[in-house]
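In order, the protein sequences belong to chains G and R.
Sequence positions in the first sequence follow numbering that gives the first Met the number 0 and run 0 to 446.
Sequence positions in the second sequence follow numbering that gives the first Met the number 0 and run 0 to 446.
Rather than coming from a laboratory, the hints here were simulated on the basis of the structure.
From the three backbone atoms N, C-alpha and C, an ideal C-beta is built for every residue, glycine too.
A hint or two may mislead.
[Stated by the list, open to error] Using C-beta positions, here's what the derived DEER-type ranges look like: (1) Lys108/R to Gln298/G: 56 to 66 Å; (2) Gln398/R to Asp113/G: 45 to 55 Å; (3) Thr79/G to Lys391/R: 32 to 42 Å; (4) Leu78/G to Asp316/R: 30 to 40 Å; (5) Thr394/G to Gln19/R: 53 to 63 Å; (6) Glu308/R to Glu148/G: 45 to 55 Å; (7) Lys108/R to Asp241/G: 57 to 67 Å; (8) Asn430/R to Asp294/G: 52 to 62 Å; (9) Asp241/G to Phe180/R: 43 to 53 Å; (10) Asp248/R to Asn149/G: 20 to 30 Å; (11) Asn149/G to Pro396/R: 36 to 46 Å; (12) Asp100/G to Asn272/R: 51 to 61 Å; (13) Ser221/G to Lys391/R: 37 to 47 Å; (14) Leu101/G to Asn217/R: 27 to 37 Å.
Number of protein chains: 2
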Amino acid sequence: MTLKQLITNKEEIKENLDYQIEGWVISNRGNDKVRFLTINDGSTVSNLQVVIKGENIQNWNIENISLGSSIIIKGNLHLTPEAKQPFELLACSLEVLNNVDLDFPIQKKETTLDFLREIPHLRHRTNLFRSVMIIRNSLTFEIHKYFQENGFLNMASPIITSNDGEGAGETLLVDDESKDFFFKQKAFLGVTGQLHAESYAAGFKKVYTFGPTFRAENSHTSRHLAEFWMIEPEIAFYDLKDVITLADDLLKTVIKNTINNYPDEMKYLNSQNPNLLDTLEKFLHNKLTVLDYKDVIEQLKKYKDNFEEKNIFFGMDLASEHEKFLAEKIVKGPVAVINYPKDIKAFYMYQNEDNKTVRAFDLLVPGIGELIGGSQREASYDKLVKRMKDLKIPTEPLQWYLDLRRFGYAPSSGFGIGFERLVMYVTGISNIRDAIPFPRVAGQIKM
Amino acid sequence: MTLKQLITNKEEIKENLDYQIEGWVISNRGNDKVRFLTINDGSTVSNLQVVIKGENIQNWNIENISLGSSIIIKGNLHLTPEAKQPFELLACSLEVLNNVDLDFPIQKKETTLDFLREIPHLRHRTNLFRSVMIIRNSLTFEIHKYFQENGFLNMASPIITSNDGEGAGETLLVDDESKDFFFKQKAFLGVTGQLHAESYAAGFKKVYTFGPTFRAENSHTSRHLAEFWMIEPEIAFYDLKDVITLADDLLKTVIKNTINNYPDEMKYLNSQNPNLLDTLEKFLHNKLTVLDYKDVIEQLKKYKDNFEEKNIFFGMDLASEHEKFLAEKIVKGPVAVINYPKDIKAFYMYQNEDNKTVRAFDLLVPGIGELIGGSQREASYDKLVKRMKDLKIPTEPLQWYLDLRRFGYAPSSGFGIGFERLVMYVTGISNIRDAIPFPRVAGQIKM
């Protein structure tokens with residue numbers, strides 16, 4: 000039984016219950032009469048206190064067991080209702096598998112995030128990263144669970160594509176060592192699985208992808224990675240309104256379940272960032288604000304002196320500072336902005352009757368800005384072709400995509416969640432490089 | 000409510016229950032008094048029969064609704080206990096959203112798998128691919144569920160690495176358009192997430208990855224893809240025996256649950272491949288056979304005339320024909336082969352005392368050959384370094400990996416499941432290109 004299972008099923012704990020913990024030493028203190036080891040087994044941020052008494056201290060050479068060592072301890076649980084953790088382990092046997100070398104970089108003393116980013120293979124052995132990665136795991140599974148319980152089909156959109164994505168030059172190329180077109184054509188790492196997901200929504204109705212996406216992003220910000228994970232649901236017979244409702248319900252469900260299932264990790268993260276739980280609870284209990292892009296522009300104009308980019312006008316792409324200000328200062332919570340100008344959005348979005356805007360939405364959250372981007376898709380074959388021609392996008396490579404409109408098309412809508420941004424939002428960490436085990440950014444590959 | 004939910008909760012169906020189906024037309028037959036449309040909503044391979052009577056046939060222009068059209072039908076359920084499906088829908092209203100153009104390639108008549116492979120964006124609208132992808136989805140979720148229920152942490156191993164994998168020349172390279180080392184060094188698409196998973200097992204104890212992996216595989220076989228998904232669990236405090244037990248239990252659990260939860264799809268697949276369910280049930284109810292590599296060699300020698308490669312000797316790498324023969328003819332079921340010669344296995348595997356073999360296992364299954372490959376990992380820093388030097392693998396780029404042995408190492412074991420091979424095994428399809436929505440192989444990228 001893991002420590003997490005023990006903590007979760009407290010009622011099963013009885014005085015003297017046999018228990019064995021396999022894990023790593025977090026601390027070792029005491030005197031020559033009684034010593035306390037705290038052990039973490041990786042299942043929770045909480046540790047188990049192990050008590051060692053009498054001659055065992057010397058026999059087992061306890062004083063020399065250092066932080067980080069791998070260890071197996073058998074013993075009996077002792078109830079301690081008055082303590083922070085209502086049980087501890089009285090050790091009967093102890094085996095140190097591997098003591099750590101002296102240069103083990105994770106020590107009791109505080110270390111900076113910058114320093115920890117240099118050792119991504121070890122940083123999860125701190126309380127902070129242990130908590131972040133446990134929450135990341137919870138969010139992963141809760142997202143799958145949500146979609147499966149709601150009748151969605153998980154599909155694998157291809158990673159390697161012949162499509163260079165939405166923008167120019169931001170795509171990574173793939174080839175074999177000979178650089179002789181292994182795929183007989185230029186091949187790219189996908190920036191989205193959406194187009195392929197649309198083809199599966201036409202037939203399976205409700206589908207979602209959950210996989211890595213790539214961008215040759217050269218800007219070094221705290222919100223961008225060259226390799227990140229995306230969740231992209233796509234649903235036939237859904238319009239923009241339906242898909243915003245879905246996004247809101249999905250987020251609220253996975254966040255609520257994560258808070259409920261991982262109270263110790265959320266408590267720890269809240270101790271590092273005291274507004275975290277309040278902010279999340281507020282989101283859970285409030286109706287999502289939906290604002291029209293044109294109204295957002297009018298609002299932002301009133302605050303233009305707060306921005307570096309003070310030229311606010313209909314047709315502009317909102318900068319990160321505008322998105323954050325809107326969510327943090329004006330709405331004071333998550334906000335879905337809808338009906339963006341078509342010229343700043345992708346060709347496949349549903350064209351509104353005004354001929355100026357498209358049925359897109361971005362979900363903006365405090366502290367991060369854009370968390371989700373989505374839209375209803377254009378249903379008309381002719382409108383799509385015209386839009387592609389206007390934007391000088393060759394239609395031939397996407398003929399298969401256009402054809403979906405001719406073969407039993409139903410209105411289709413979907414969105415993409417930047418998974419690491421969701422991890423940031425729920426854990427309260429402020430740099431996206433701390434939301435993924437081994438971050439990849441321009442100019443470096445660590446480990 | 001989806002059709003799948005309706006079928007699964009049969010007890011909720013009452014005569015006259017209001018029901019709306021949104022989906023695609025599978026067939027349209029009848030006469031001018033009564034017509035039958037069968038509709039599929041993507042949630043199951045089963046279709047709903049819709050009955051249209053009297054003047055509605057003409058008013059709604061039923062005769063012109065063709066296969067593949069998207070449609071919304073409201074009506075009342077009518078119980079038909081004597082029929083194959085115990086209910087049908089009597090239509091009250093019907094709306095065709097999009098009739099298909101005449102060149103829609105999915106027609107009632109049989110089409111070949113080769114032909115369908117040319118249209119990966121449409122082939123899921125056949126019974127076969129609908130079933131395969133629904134089973135693929137079930138296996139995906141059951142695997143996550145199994146690991147989560149057993150205390151594993153899902154982690155994202157990086158896709159882009161500085162490590163060119165286990166073999167030479169089989170790795171795909173990544174760069175940006177300028178081909179000027181976007182990552183300031185040669186960057187590869189990962190062939191395994193194992194080394195990174197090992198670093199997370201040291202701390203989280205039980206972890207697993209589920210993501211795409213890549214190989215510049217030039218052989219055109221029915222069992223290889225350039226892009227495929229892998230599941231790689233890694234567990235600290237586990238040895239080879241533990242991890243074989245885990246692999247067996249994982250496979251049996253996810254297959255059993257998939258058969259139970261998707262009876263209609265498995266029934267359809269069994270109709271295409273009549274031994275399928277028998278084979279799977281036999282696996283579920285039998286203890287996994289475990290054989291030592293050296294004994295396998297002795298066995299295969301007896302049958303050497305059955306092989307193209309007749310030279311069977313200790314030290315050889317088993318060819319696919321040997322693996323299949325062993326599983327199909329000798330064991331007649333899945334078999335774990337253990338203790339392979341170290342020279343045909345990777346540097347990180349635990350070296351046995353005989354100095355000749357390593358604690359590796361391959362799980363071989365009938366029809367496919369290798370489904371899983373795994374091992375206990377070498378625990379000794381010095382042995383690892385020596386082995387790398389013998390194999391001329393530079394130690395410097397993997398110093399971080401070696402260091403795991405110095406920082407509280409616990410015996411660690413793990414394996415990788417080729418996910419598409421598992422899909423083949425459970426669905427009975429014989430070409431791996433039919434186990435993934437958009438297959439990627441050397442020389443072509445379709446869609």
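Hints, one by one, checked against the model:
1. Lys108/R to Gln298/G: 56 to 66 Å: 59 Å, holds
2. Gln398/R to Asp113/G: 45 to 55 Å: Cβ of Gln398/R to Cβ of Asp113/G: about 21 Å, so the range 45 to 55 Å is violated.
3. Thr79/G to Lys391/R: 32 to 42 Å: 56 Å, violated
4. Leu78/G to Asp316/R: 30 to 40 Å: Check failed, 56 Å falls outside 30 to 40 Å.
5. Thr394/G to Gln19/R: 53 to 63 Å: 35 Å, violated
6. Glu308/R to Glu148/G: 45 to 55 Å: 49 Å, holds
7. Lys108/R to Asp241/G: 57 to 67 Å: Violated, at about 36 Å.
8. Asn430/R to Asp294/G: 52 to 62 Å: Hint holds: Cβ distance 54 Å, inside 52 to 62 Å.
9. Asp241/G to Phe180/R: 43 to 53 Å: 45 Å, holds
10. Asp248/R to Asn149/G: 20 to 30 Å: 29 Å Cβ-Cβ, so the 20 to 30 Å window holds.
11. Asn149/G to Pro396/R: 36 to 46 Å: 44 Å, holds
12. Asp100/G to Asn272/R: 51 to 61 Å: Distance hint for Asp100/G, Asn272/R holds at roughly 55 Å.
13. Ser221/G to Lys391/R: 37 to 47 Å: 41 Å, holds
14. Leu101/G to Asn217/R: 27 to 37 Å: 48 Å, violated
Going down the numbered hints, you'll see the structure goes against 2, 3, 4, 5, 7 and 14, while the others check out.
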